[in-house]
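Engineer: In the order they appear, the protein sequences are chains F and X. Under UniProt numbering, think of the first position of the first sequence as 1, with each following residue one higher. Under UniProt numbering, think of the first position of the second sequence as 1, with each following residue one higher.
Hints listed in this document are in silico derivations from the structure and should not be mistaken for laboratory results. Hints are not guaranteed to be accurate.
As the list claims (entries may be wrong) - If you only want the chain F side, here are some residues facing chain X, beta carbon under 10 Å, derived:
#1 193
#2 199
#3 217
#4 242
#5 248
#6 256
#7 356
#8 358
#9 414
#10 422
#11 469
#12 708
Every residue gets a Cβ at the ideal spot worked out from N, C-alpha and C, and that includes glycine.
Protein chains: 2
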Amino acid sequence: MKKLLFHVLCCTQLPLFAQTAPDVNLTQYVKPIIGTQKMGHTYPGATVPFGMVQLSPETDTIPYEMNGKYNPDVYKYCAGYQYDDKTITGFSHTHFSGTGHSDLGDFLIMPTTGALQLNPGTATQPESGYRSTFSHATEVAEPDYYKVKLDEYNIQAELTASNRVGFHQYTFPQTDQAHIILDLMAGIYNYENKNVWTFVRVENDTLVTGFRQTNGWGRTRIVYFAMSFSKPFYRYGHKNYAHDVYRGFYGKFDQAHNFPEMGGRQIRAYFDFKTTAGEKIKIKFALSPVSTAGALNNLRTEIPHWDFDKVKQDGQALWNKELQKIAIKATSPDEMLNFYTAMYHAFLSPTTYMDADGGYRGLDQNNHVAKGFTNYTTFSLWDTYRALHPLFNIIQPKRNADMIQSMLAHYDQSVHKMLPVWSHYANENWCMTGYHSVSVIADAVIKGNAPFDVDHALEACVNTARYKLYDGIEYYMQYGYVPEDKNSSSVSKTLEYAYDDWCIAQMAKKLNRTDIYNEFIQRAANFKHVYDAGTGFMRPKMSDGSFRKQFDALTTINQGFIEGNAWNYSLYVPQAPAEMIQMMGGQERFVQHLDSLFTMHLPDEFFAETEDITRDGIIGNYVHGNEPSHHVAYLYNWTHAPWKTQERVRMILKKMYKPAPDGLGGNDDCGQMSAWYIFTTLGFYPVCPGSDQYALGSPAMEHASLQLENGKTFIIDTKGQSDTNVYVQKVVLNGRTLTQPFITHQDIMNGGQLTFYMGAKPAKKNYQ
Amino acid sequence: MKKLLFHVLCCTQLPLFAQTAPDVNLTQYVKPIIGTQKMGHTYPGATVPFGMVQLSPETDTIPYEMNGKYNPDVYKYCAGYQYDDKTITGFSHTHFSGTGHSDLGDFLIMPTTGALQLNPGTATQPESGYRSTFSHATEVAEPDYYKVKLDEYNIQAELTASNRVGFHQYTFPQTDQAHIILDLMAGIYNYENKNVWTFVRVENDTLVTGFRQTNGWGRTRIVYFAMSFSKPFYRYGHKNYAHDVYRGFYGKFDQAHNFPEMGGRQIRAYFDFKTTAGEKIKIKFALSPVSTAGALNNLRTEIPHWDFDKVKQDGQALWNKELQKIAIKATSPDEMLNFYTAMYHAFLSPTTYMDADGGYRGLDQNNHVAKGFTNYTTFSLWDTYRALHPLFNIIQPKRNADMIQSMLAHYDQSVHKMLPVWSHYANENWCMTGYHSVSVIADAVIKGNAPFDVDHALEACVNTARYKLYDGIEYYMQYGYVPEDKNSSSVSKTLEYAYDDWCIAQMAKKLNRTDIYNEFIQRAANFKHVYDAGTGFMRPKMSDGSFRKQFDALTTINQGFIEGNAWNYSLYVPQAPAEMIQMMGGQERFVQHLDSLFTMHLPDEFFAETEDITRDGIIGNYVHGNEPSHHVAYLYNWTHAPWKTQERVRMILKKMYKPAPDGLGGNDDCGQMSAWYIFTTLGFYPVCPGSDQYALGSPAMEHASLQLENGKTFIIDTKGQSDTNVYVQKVVLNGRTLTQPFITHQDIMNGGQLTFYMGAKPAKKNYQ
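Next up, chain F with everything else stripped away, as it sits in the complex (with noise of 0.2 Å):
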């Protein structure tokens, strides 16, 4: 394993940094592979940036559901492939990117020879069906671009895509049986009745186009789709497994065979070919929201040529064009790998709905047209608000904007009214807690990149925050928070809903709408409801007033918290942290449980609990790999030892990010993980979106090249920086020295350069 980790990893001697110049080819730093491994949740196929297609390997197909039960071990398979694994199933155009629950894979492709297998066999028996083995030593992943060889098949696959089309190239061996496999009932997250319905129409003997509509995650979801081959198949078929499909006087047809008009729950299609030695079948498959006539007119509008090698090289360049946003000088090859690997995977979502002629489909389940913005899904909100979002705020300002204008769309087309809580594909699928729309939202007006209407902006998030069927608001807004008696994970939910809320104010504020922050600005002090002196956590309260009696701190199941415990939820004030350290004794007291909560043992049956990360996820009882904690490192600025902030947070990015398959310490999240990489090695952190102020760290590379829309360039410099000269002595933003550890957004996006100069003890008075 480790010489293959070699061979995908450092297969060359790369240069320690990177330059703007557009010569230079940041791909080369990007790693697909990372976070394939163990909990990362990462997918290694190709996509471009913020695409709708990600076409990607699967390697196993671990229902859902067993008996009608959940089936713990779907979830290694949040994003179709597992390292670990030795097969490969087939190649599907939808995956998401590092989450914790899941949905997608659809239109899984695999090329064959020899008998037609239609099921995909077991992992232990590949040879049972149209599986392959493969070895990580024929693969290779770089963004855009995928390639393995499918070793029963002798078959080599590359993957490339557009934006709304996969490309697939396979080099087969001389033969008379030669088949690639449409298999509409593999999937992600999936059972058997997830399948709600799929058609299929081989329009000719190239082109072939259809839908698949599901019933997962996304409760009501369809996906369109066009097929087209690079050489005409002569012969095709399907077979429908499902028994349970009235076939009426379709019975009068062999529909098994060249029967050209497929429909059912469950289909399984092949088109077969005859090939000569390295003749190479080619595949464009485009993707739409909306209609087949949608995705056909994506794919001949994106890829109206054959050339695969084409398609890679547009796609690699959109990536470099992303990628040179931020240029940097590292210290070593695995920060290059992990920083830019860490981009790509901050670029991978949301991910783009919406046709090429701007048709997509609405929460209302209407087709709409997109009107001035990119319409884009895939809000995995209660992540990514914390860092992903202030992040494009500053190298994707006009996305973000998108972004925010798709979940108003969202909004408009809401039967509750409410803004996206984790949405994708025209679904609300409700996971997780908060209404952390709001928040992305009053970042971007803030922070002046709001190109949208701020009031209809507004109204959203007070009618969201106020929707009385979500997850205890009712409760909240009569108690002030939510009680645990009432609707379970009530202390998360109560901090959660007052950090929103104190968003809220602050945007309501900068609109001159007294009223509303006169509103928001109390509940936001909500999180005092919750505080338990007695024990110095936040506590679940009950309706009555009193704190529930049974309580510890340690464990994260039934104690109020969701994907985390009070030691680490505790510290969720983010829009108010001086307050909170005075609540908790002041700042003596705050840093020496700041400090226990890094250096404390959490006993393995805690861990235990906690699903989603390794157990290299977690430094103490320091939880990095679940979203809650991500601040909390950076609160050593709030007290007199901002040089702890700068040691634990140059701790984390060592044990939490490596440039290896398991690299990552829990799911990548839709790029939060990532995006929370990028800040803290710059050296900057947004402990609070909504405000304007980024709190300093510990910056870990020499410098830094952000190249703005705005056409302005921040430059970040380190001075003396080391992997042990992680301390900051001094920080000079544009020629003036700083006397606090944080510097505001209008700061960097008025370009300029921010110098840290770095020494291997604590300068405990440096911001003084």
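With chain F's structure known, arrange chain X on it following the hints.
Structural biologist: Same frame as chain F, now just chain X:
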């Protein structure tokens, strides 16, 4: 029953004539209840001419399958209503008229009071569910108006409709427990897995939207709706009866009560009200083939008010306008009722399948916009090409041309590149045999009613007729007939293909396409290949050229025929009756043969095989309830004995059509049976659509005036006509005495006067 019948049908003394003056209300002669008992398969509910909405009661919940097997009891419920039933389960919005297989029954609404019951209950124990007993004594069925008392709940239900919007008016008693149930599980020809998906949004307290997607006769079918209440409901909810639905993070909500977004496979929703005595709750329920947005636009465009009576009056005015296209003076009240109810049934389908803005779903499952035509669906072409579409070419030419445009759009969207066989709601259901679209198109082209791209239409006909995958065409093209060992019902198919081919040839000739003419005029002679001179019948032939040994001319089962036996089907050469008669031994022998058909006794064992007709539906061995015989009585016109045509058709009119719930001798088949009645009553019939010729029979009225769309009037008068004076003595067309028992389409469209002189005895030499 007799007494009730009198109430429904004969409550007023009706005059025996109609005039075209707008103040004569011809709707009074229409009794939608005719055909609702036994095998007529008509529905009594509310609809406008060719309307998208057919809002009508359902009287039971018979499933299509029981334990995975076809349940023959379902057949009675093709239109949802059976006159003999004692309960009503509710009122749904889509119904076929007169079909012999079924689908639809979408969106069942039921008003109830008292404790909420969400299941329909059983016919024997109606109190076990939401259904109600009812009595025909309280029932009123008029064009676009239906009324009934729901005895169980003391609710008066009234229904009317515009083209795309059903309008319900329910008069409640005083109650705090008034419910409107919306059952998305209900349907016609329903079975457990028929629902693919359903989706409902409670937009506000008076507006609900959603869709129902099914897998039935229409394999991939979806209908959208928008539902508006005249009064806000104060509470609502639903139950999802599917246990297999992934519920995901929706579990955080109480979805059953007041949760505004419902999704699942098996949903029943309810909406609660408090009512005062006599309070009316009204519902406007719009459909769309495209989207809920389309449905909502239809709702607001067509009925922007809450005046039930106005919608009813508007709908009845539309009916009156259509009925006035033929004003007759009858000789008895029964004939008036029969005639105008036949006109009503003839004008129910094809149905509008297009939103107010022109949007419709195409066969390719994409949304399209109809440009320059109204898009129609429900093409029961095996039935309706015979007389219904020819009737439309006379009195509905504009609509008929639009129907053909719709068929051409179907062709353009067809992956098979075929015109419709039997299509409904963006689906080809492949029911029955032949490719009779070509007959409908050729008939319009030959008769000069072709305001569409005729060259494209010819291409569509030719491609359809050459599509080898379809129902033995490959063999038909190879052998000149369909061999019974290759494809069942081979004789029916051979005869129908040959006729259809003749139609294509005629069209090609008119368009100067000699190549196509030559190909298809040759195919048109293929009927000769299945004629067995030895038995005097058409007979199944094997691929080796021999007739199949096993042969029984009386049975309909496995003898090479569909919906007919050799006795009936052997006479199916409408394109060449004279040649057929010659082939069958000449006129003398043929007249004897035909006489035998009408006079022989069909033993019960053979009758039992015919599923969809009553014993009254046959005369001897002549089966009027099935369409292949519809031209047969007119074949005497090609012999020396046209008087026998006159005698037979009058007998058929009397026996097969009665103004009673059980008054139709077989399925009305989307108006084909009714169109036969109309033509035959008027004294002529299109034996061979695709020619411009009509065979004369024996008019069964005193006077008829046809108001043509070209502004002209064609008048048919009879002199001395009576139930006994059925024999034509002389026919005069515009002063010219006819020497042949035929007139042409142009004779009619030119306007003018046709006078039949009738007598009590055959005038054996009249047409000479």
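Engineer: In ascending order, which of the hints set out earlier in this document are inconsistent with the structure?
Structural biologist: Result: hints 6, 7, 8, 12 break, sorted rising.
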